[in-house]
Every structure is written in structure tokens, then in C-alpha cells.
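Asker: As you go down the protein sequences, you meet chains A and B in turn.
Going by the working numbering, the first residue of the first sequence is number 47, and it counts up by one from there.
Going by the working numbering, the first residue of the second sequence is number 607, and it counts up by one from there.
It cannot be assumed that every hint is accurate.
[Stated by the list, open to error] Covered by chain A, according to a simulated footprint, are these stretches of chain B (three or more residues, beta-carbon under 8 Å): (1) 634-643; (2) 654-662.
[To be verified] Covered by chain A, per the in silico footprint, the following chain B stretches (three or more residues, Cβ under 8 Å): (3) 793-799; (4) 902-912.
I should point out that these hints are in silico values taken from the structure, not numbers from a laboratory.
Ideal Cβ positions, reconstructed from N, Cα and C, are used throughout, including at glycine.
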Amino acid sequence: MKLGGERHLRMAGGGSAYGDMYLRYVSPVLAALSLLLMSTPAATGGMPEGRGLVLTLRGHVPRVHVPYTRALRASSPTPSGVDAIPQTVADDLGHPFPLPAETPRKIVSMAPNITEILFALGLGGRVVGATRFCDWPDEAKAVPRIGGLVDPNVEVIRSLDPDLVIAFRGNPLRLVERIRKLDLPVFVLDIGRRLDDLFPLIERIGRITRTEDRAAGLAGTLHRRLRAADEALRDLPSRPSVFVLLYGQGLWTCGGESYVDDLIARAGGLNVAAAMPKKWVLYKREAIIANDPDVIFILARSTADFAAGRDRLLKMPGLSSVKAVKAGRIFEIDENAASRFGPRLVEVLVRMAALVHPERFGGAA
Amino acid sequence: MSLRSGRRVFWAAALLLCAAGLLLSLLTGPVRTPLGDLARLFRHPDPVRWAIIVDLRLSRAVLAFLVGAALSLSGAILQGYFRNPMADPFVVGVSSGASLGAVLATALGFEAAAFGFSGPGLLAFISGLGLVMFVYALSLRRGGFKVETLLLTGIAAGALASALTSFFLFMRSDSYDQAVFWLLGSFQLAEWGQVATIAPWVVLGLLASVWLARDMDLLALGDDTAQALGSPVRRVRMAFLAMSALLAALAVAVSGIIGFVGLVVPHWVRILIGPSHRRLFIASALAGGTFLLYCDLIARNLLPAELPIGVITAAVGAPFFLYLLHKKR
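Only chain B is shown next, with the shape it has when bound in the complex (with noise of 0.2 Å):
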């Protein structure tokens, strides 16, 4: 199979099964839904099945697919902007930064809410901000910086900010949910106020990327090359950055840390369809989005009890990836 078809392979599948878990998602969950109750919704509304499918469902299989599909893209800009395949948003300290805001907020009993985030929704989207500016004001080094250090700071100082949120949430046992909610991540909160505050960041972000993204393939060979190419090396660095930072950092505060994606999706797509990143952004976005509206789906279906979604991205992610990678050796 030629590389050509099979992105044409991927795209149309990738397309398919974001459709079929968008219609799973409306059909399934505790309260049982017939095909044929979606089709009566529209022409006799009734109230509590418009609540349960669109106020419910809808807005949280929606907002699991503009989360995954944020993560996924700040994850597939970090990688590139690393040249390292290990970059994902965690790595730059922004999810742990975000965790810790959260609950922080929490323990000070930081609850009231604006711009569409709850207080500590809020202050999770500073803080994760906040950590990666420190991080990058730590790593400049007279006029420049090295990738390594920046890095390395990240992951340092992530693990400061990942001691401080497990010390809080230590110190107020009683906040159990919380705890899980924000070490885990979870959808069970999702409403159409989320939606509608990280919805545009996530088109802005990706078109962003989309239109910066033959910089990036020059970055690839080095900024030196890219420089010499004629790409203002220092300001794509930190657009890009500023965006993945944001994106994640989103994510983090509508649904609390949920892992492996930002390091997952990337992958997989970029062994499937190669490596320009024009392409690669936009289909990390939507093949993080549909993944997420997968581990989603299984995540408040597989038990009666919710299971908290980081563990399902884990679980099928990691098997998943093994796969591929040995696949293509």
C-alpha cells in the first residue's frame, strides 16, 4: 500500500469512526436509549431526554473530543519542537502546573467561577501557564537557550509541582473525588459552558499551527538550517510554544490530568500518514479527539461506577502504541 492511499485510509477512517462514537455516545449510558428515541428527541422534545442526550451526552462527548483534540495537538507540537519523541505536555511542566493549581483553589476554597471555568478550573489554567513561562524564564541563557535544559527544567519542576498538589490533597483527605478527579481526569462534569470556553482555542490553536507548520518542518533540520532558511527561528519557538502551553493547560482545567494522550496520538499518526506537520497537526487533533471519545465512551460504561479516564487512555493507549511500533521496526 502506497503511503497516498494509505493516508487516504487513514483519513476516511479516522472521519468514520469519530461519527459512529459521536452517535455511541448519544445512544449509551445508564439510562437506556433507543435509535428511536434520538429520532423522536428532535420532533417531540421532551425535557428529561433532551437533558439526559444533548445536555449530557452531547456536551460531554464533545468536550472529550475538543480535549483530546487539544492534548493531541500540544502534544504533536511539543515533539516537533523538541525533536524528541518523549515531549508531551507533561514534560514541560504545564499539566502538573495546572494540577496544582486546581487544587490549590480547592483547598483554599477558591469556588467561584468566571470566563466559563470554576474557580479552580480557573487557577489550574494560570498556574499551568504560569509553570511554563518559569520554566522558560529559568532555561534562557543570555539571548538563547538549549532545548536539553529547557526540558530538563520542565520535568524538575514538574515534579515539584506534581509533590506540592499530592501534599494538598494529602492535607485535605476529605476531598477524595477531587484528588481522583484531578490525578486521573474525568468528563463526568462536562456542560456546555466548557464547551464554549475552550472550543475557540482549540480552532484558533489549531489553525495557528496549521499556518506556522512548514516552519516547523524547517526547525526539523536544525534551527541553524531553519534560520538560514529564512524562518525567524526564535518567534516560531515561542508561538509554538505558547500554544501547546495553552492548549494543554485548557485541557487540564475542564478535566483535570488526562495522560497519554499528548504523547500517544502524535505517534501513531505520525507513523501512519509520515511526517509533515501540516498534515500531522491536523490529524493529531482529530484522531485525539476520536480516541478520547472512545476512552470516554468505555470509561462510563465499562462499570456501573465511573471509572476515571486517565486509566482507560492508559490501558488501550499504551497496548496500542506497543503495537505499532514493533509493527513498523
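Isolated chain A, as found in the complex (with noise of 0.2 Å):
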């Protein structure tokens, strides 16, 4: 139960695209930032997730992290006077967070898809805590662990002493709270359901660490790649069907639902499961022969596990029969880069759209 805990939750991530999640949160942002200059105990609260009941309760006060002195010292005086209130922003808990004046120092990351963009904005000295799935970059590996992504450690999270804790919404929100109430700037982020939801997660991680700059710089960088990718794959006359298989146990594959869906769609492809409305569904045998796609991609941690989920897939009766096994045309995709929302999910897009059109990237039909 716990590896397959872990695992699910390496791979998922609730929630929906952040311009919603804008709109819903601004007015507890508003309410909280009056609340901040009033200093008055009654507001309405912010409501993280708003699957079912939504309620607003008087007197339940959404805590701001920063003692106040700093936060004001945060916002930068316009010329005008008229705007002195401290910049906030919202997490994807709706939690309002006043931007720091400068770029933390001691940054705890709690997910492996955050610790990357970090790095990657070259914050990389100043992560002083992270998962122990982090190995991506190779120094991430020296960096303190702070336990996993569903066991992360409150007490060693807090004798790091971080001015900037980001988690990921696929923590446990009770301990992501319960760091919260030890009065450490806590900042939470969804993953996206859509590869374009990468560019507002990088910007808002940029932007709390205050590399706005590099935020838009590794942005830019990875649009660049990304319309190379998509000009490679202009007016396609077909799209291959897609099966995507995750190594392990059973025939687990991506919903409509998960970012790789995405991924696929966008690689030019057609997920075979894009109907079923889930991240991650265990698929059904007779269903990969009736679908008969064109093309399977294994995601694996190894080459050896590549291969081994390939013979166990060619090894089921009636497989044979599928295109894609009879095609030869069965790939292998890092796990690694493709199960992290990160930056690297360019580089898993674009290997996979040469896979699914190699015409079109310079490789034989």
C-alpha cells in the first residue's frame, strides 16, 4: 500500500488551471489584505478545494506568514504613495502570501517537480531541504532530505529554519498545515492538467522567490523548443493512437485527465484511454486489442525495466495482433523526467512527438 501510495501520488496532483484558480481566490485575497492593514479578528477565510461544500466561517482567519514589519518592507513604495499595501499572492490553497523583498535564503522544497524548477532558476544553493525523490538535477541528491513526498518530516522542516517552504498540493494538506501553524512561510502548488500550465507554475515560483527574471528567461527558453515542436508537427494528415504504459504492476495508464494525455495530444498522437475521465486508470487487456494502437510507450525508471515491461506486454496472448507490436513500435520514455511537471516535460514532448511522427523530425517513415 505504501510504495503504491507513493507512487500514485509521484505521478498525480488534484485540481484545475490556474486562471480559475485566480478568480476564485481573489476576493479571500482582498479580504486578507484589508484584514492585514485593519488588523480587525473577523474576515472570511480562504477555502482551498472547492469539491463539495463551500463554506465561509466568521472569525476563521487566514494566517499571513510574514511578521508584518517584513511584509511591508516588501512592497516597494510607488511613486504616488497610493500603493503602500505589501504585494501578495495566492497559493493554490487560496492562502494569501506576501512576496518576500528579496530572494529567500533557505528554501525547503517538498516535491521533486519543485526542487527542478528551482535549479533550473538557478536557486539550486539555496535549497537547504528536499524530498528524498529529488535526484534531478545530480546535486539535488546532496541536498538535506526532508523525508518523502507523503511522510515529510515537520521536525526536520523546521530545525532547517527555511524563510520559504514551497509544497506540492499532493502533500498531506494536514502536515503542510500543521508547518503552516510553526509560523514558516508555506507556499502551495498544483501540478497542471495541461503541459501550458508549466509556464504559470514556473512564473509563480519565480515570482515568490523573487527571480522574476530567470523565471521568464527558462519560460522563454522552453516556449522557443516547444513552437519548434509544434511547427515540426503542423496540418498532420493522421494521429497514431497512443498507449502509454506505466512499469509496474498491472496495466496502469494515463486518463484524460493526467497532464501526459496532454502530452500525447500535443506530441500529435491519440491517447487510447483519453475518454476515461481519471489521471491515472488501470487499463484492460482486451481493451489494447480492440483500440489496436499504433504506437506504445513504456514509461520506465531503466532500460532494464523498459524491457521487461515490453516482453510482459508481448508475452500477453492477443498482443500480437496490436499495430504497434507488429510495427516494432514500442518506446521507451524516462519515467523519471516524464512523471515530474517540470521543465523536463519539453524534452519528454518532444521525444515523443519524433516517436510519434518521426516523418516529420527527420526520420525514417
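With the hints in hand, could you dock these two chains into one complex?
Answerer: Quick look at the structure:
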């Protein structure tokens, strides 16, 4: 159960698009701002996750985690002097977060994709704590460990005395709240459902770490590479169908709510499980044969895992009739890169596109 | 060894173990804390050390003690109440009812906090008590009720609640950590707010049960005899049932379901100090708290990742329980 849970989480996460988030959370943030200035105890509370019941409670005060004076210093007064309010951003739970005046010196990252983005922004030296799954880039392995995704250790995090903790929506929310109660500045980020959600994610991490320019630079680079791939895939005459297999027990694949589904679509393919309204689904053997995919991707951590996964697939009765098998189009995708909602997704996309449409990328059709 | 001197040994050992457990809780954890740090803490309070030792470790140790005391006292009351050594907070459905409420709250996204509880904690408390009342109402039959009926109704209702809990957990498969928390318990989220929420009730419950302990002794002779000896049996029964349900529901609301404490600890205590309820209640609370304090120490220090505490209570409690049981025979 433990391993399954970890794996599931490593690849999952909940939530909706960012634009929606902003809309939904604007009012709580404004309320919190006025609260900060008036310092009266009653206000409307930010409500995370509008999954069902939404309620606002008087007296449930969203906490602001940077000391008042520091928050005030963070705002740069405009010449007119009108805008003396400290700038705040809402995190993906709707908690207001006052922007620090300068780049935090001790950052704790609670998810591998966040660690990757921090390193890509040149902040690797300031990451003082990361999860045991944070193994990219190589230098990240040397960062002190705070535990895993579902079992981060609050005590260890506190002992690192961070001035910024970036959590992931898939971390246990109650633990994240516990960390917040220790008066540590916590910013919670969700992962996206589409590849394009990567850009707001990078932009926001850049914002809260006050490295906006570097974030813009990184986003620009990724954008250019994406555009090149999009360009190569223009006016496709056909979209080959793709089945994605997650290496491990059972035929786990990605449903329509997963960003991997979006990756496949963006790479010019059609995910055979796109109609399933979930992030990760257990697929049926008959369904693969019936859907007859043109291409099969196996997300594996190593070439050995890939080979084992492929052999297991090939041994299944009836699978020899599948087009991808007959044409030998079963390919390895680096699970390590594909399972993290970070900058390396762009590389994954380019690889997928070249494998689905070799004719567009200078390979043999 | 006479029973009297045996008792003295029990009290001394329990108090000593409790104090030692508290100290150990402050000193152990993933962050190394030498004894000197503890001394320095009060002379030069440094915010990081203070947060770790006082906000995290001390609050957690105190909460574990209180929850252990509540569960164990609740078990001691119920075992006297049913005159049945198998009774514990699970039997009357408190625990299953409370976990159903908590999981339902999570599934519905009810996260607001009130009275020091989180949303799920609050709903856990309400539904735990609710299920007991439901069970009680079902087993009432024209002016009276049979203990067996109450026991069986409780087991059935509890099973139903457990099934629903599993269903909701399964439906929201992304809340894996929640599932573990509510099914096996944890003090990972301990904070002073929770301590403040349950401490008064544990103290109140203990005082009230000690005050009514004579009546519980009489109940052991049978309801009719107790009535004849001047004990207001119905009211006493009502008060004890309410108290034990309240204590168990509170415990589940702050820490999830922690099995075995309510069943085993009162048994140990009864074997060690005898059946008089006044002594039994106080000793059960003390021993239950101490027991859970040590279980939590193991849960958070045995492996790099924390273990659910329910795993430890069963693993430690069961063999020791069997040993005592067979030695006594």
C-alpha cells in the first residue's frame, strides 16, 4: 500500500487551471489584505478545494506568515504613494502569501518537480531541504532530505529554519497546515493538467523567490523549444493512436485528466485511454487489443525496466495482433522526467513527438 | 508479594515510566537533541530549538498521553458497564462512527476549523457520539434494555460505519495519507490547540468516573442488586455510557482510530491492582497515557518514516497482554 501510494502521488495531484484559481481566490486575498491593514479579527476565510461544500466562517482568519514589518518592507512604494499595500500572491490553496523583499536564502522544496524548477532558476544553492525523490539534477541529491512526498518530517523541516517552504498539493494537506502553524512561510503549488500549465507554475515560483527575470528566461527557452515542435507537427494528416504503460504491476495508463494525455495530444498522437475521466487508470487487456494502438510508450525508470515491461506486454495473449507490436513501435520514455511536472516535460514532449511522427523529425516514416 | 505492596510498586513504576517517557519524547527525534540542549533551551530560548522541543515534541507527548488516558479510561468504563472483558470503545461503535464522520468530512471538502478541531475532527466527534446514541436508542425496549442487545447492536452499527468509511476512502483514492491516518491513527499533527481541546474533558471524565466509581462497583453485582442497594442504576448507566463515548470520540477526533489501548490497558491494570473501580479508573488513565506515550516514541523513531501508531499499539500490546493473561492463570 505504501509503495503504491507513493507512486500514485508522485505522478498525481489535483486541481484545475490557474486562471480559474486566480478568479476563485481573488476575494479571499483582498479580504486578507484589508485584514492585514486593519488587523481586526473577523474576516472571510479562504477556502481550499471547492470539491463540495464551500463555506465561509467568521473568525476563521487566513494566517499571514511573514511578520508584519517584513511584509510591509516587501512592498516598494510607488511614487504616488498610493500603493503602500504589501504585494501578496495567493497559493493554490488560496492562502495569501506576502512577497518577500528579496530572494529567500533557505528554501525547502517538498516535491521533485519544485526542486527541479528551483535548480533551473539557479537557486540550487539555496535549497536547504528536499524530498528523498528529488534526484534531478544530480546536485539535488546532495541536499538534506526532509522525508518523502506523503511523509515529510515536520521536525526536520523546522530544524532547517527555512524562510520559504514550497509544498505540493499532493503532500498531505494536514501536514502542510501543521508546518504553516509553526510560523514558517508556506506556499502550496498544484501541478497542472496541461503542458501549458507549466508556464504559470514557473512564473509563480519565480515570483515568490524574486527571480522573476530568470523565470521569464527559462519560460522563454522552453517556449521556443515547444514552438519548434509545434511547428514541425503543423497540419498533420493523421494522428496515430498511443497507449502509455506505466512500468510496474498491472496495466496502469493515463486517463484524460492527466497531463500525460495532453503531452500525447500535443505530440500529435491520440491517447487510447483519453475518454477515461481520471488521471491514472487501470486498463484492460482486451481494451488494448480492441483499440489497436499504433504506438506504445512504456514509462520506465531504466532500460532494464523498459525491457521487462515490453517483454511482459509481448507475452500477453492476443497482443501480437496489435499494430504497435507488429511494427515494433514500442518505445521507452524516461519515467523520471515524465512523472514530474517540471521543465523536463518539454524534452519528453519532443521525444514523444519524434517517436509518434518520425517523418516530421527527419527520421524514416 | 501482597496485593498492597504490589499496588505500591505499580503506582511507583507507572509514574516513573511516565516521567521517563516524557523526557525521552523531548530528547528523541530525527533532529539530534543532546541533554544539554534541553537545559540551554530555558536559559537561551532559540526559536528553532523551541519550536522543535516545545511546539512539536512536547505537545505531541502530552497529546499522546491524554489520548491514551482517554481511550484507556473509556475502555475501563465500558468493561465495567458491560461486565464484559471484551468491551472497548470499538464495540459500542464510537470509533467506527467517528472515523466515518472524519472521512466523510474529507470527501466533502469540509475543512473549516472550530473549537480547536479541524473540520474532519469536528465531524468525527459528532458522528462518533451520534452513532452511540443511535445504538442506544435502537437497543432500548419499553423502559429498559439488555446489555447484550446494546453490545450486538453496537457491533453491527460499527461494522456498517466501517464499510462506509472504506467506501469513501476508496472513492477518493488520492487521499492515501488520510486513509492511513483515520484507520490507524497518528500524532503527527499534534499541536497545543488539540491538547487544550481534549485536556479539560479528560480531566472532567476522570473526576466524574472516580466520583461514580462506587456505583460501578455495585453494578458488578447485577443491576437489581445495585438498585436494591440504593444506586440509581439507570442514571448511572447513562452517565457512564455518555462519558466513555465522549472520551473515545474526542480521542478519535484528534488522533484517528488507535486500537487496542482501550481493550488491553484496563485489563493489565485490573490484573495488577485488582478490580476496585476507583483505583482502576485512575490507574487505567495513567497507564493508558504512559503506554501510548511509549508507543508514539516507537512510532516516530523506529524507522526514518513515521509508522501509524495503531501498528505499534497492537504489536506491543498484544504479546504483553497474552503474557500477563497466561502468567495469571
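Asker: Now tell me if each hint is right for this structure.
Answerer: So, going through the hints one by one against the coordinates:
1. Given as covered by chain A, the segment 634-643 of chain B passes the check, having 3 residues with a CB less than 8 Å from a CB of that chain where 3 are the minimum.
2. Residues of the segment 654-662 of chain B lying with their CB closer than 8 Å to a CB of chain A number 5, which satisfies the three-residue condition for coverage.
3. Counting residues of the segment 793-799 of chain B whose CB lies closer than 8 Å to any CB of chain A gives 3, so the stated coverage by that chain holds, three being the minimum.
4. Here's how the segment 902-912 of chain B fares: 3 of its residues keep a CB closer than 8 Å to some CB of chain A, so the rule of at least three is met and the hint holds.
Every hint from the earlier list agrees with this structure, and none is contradicted.
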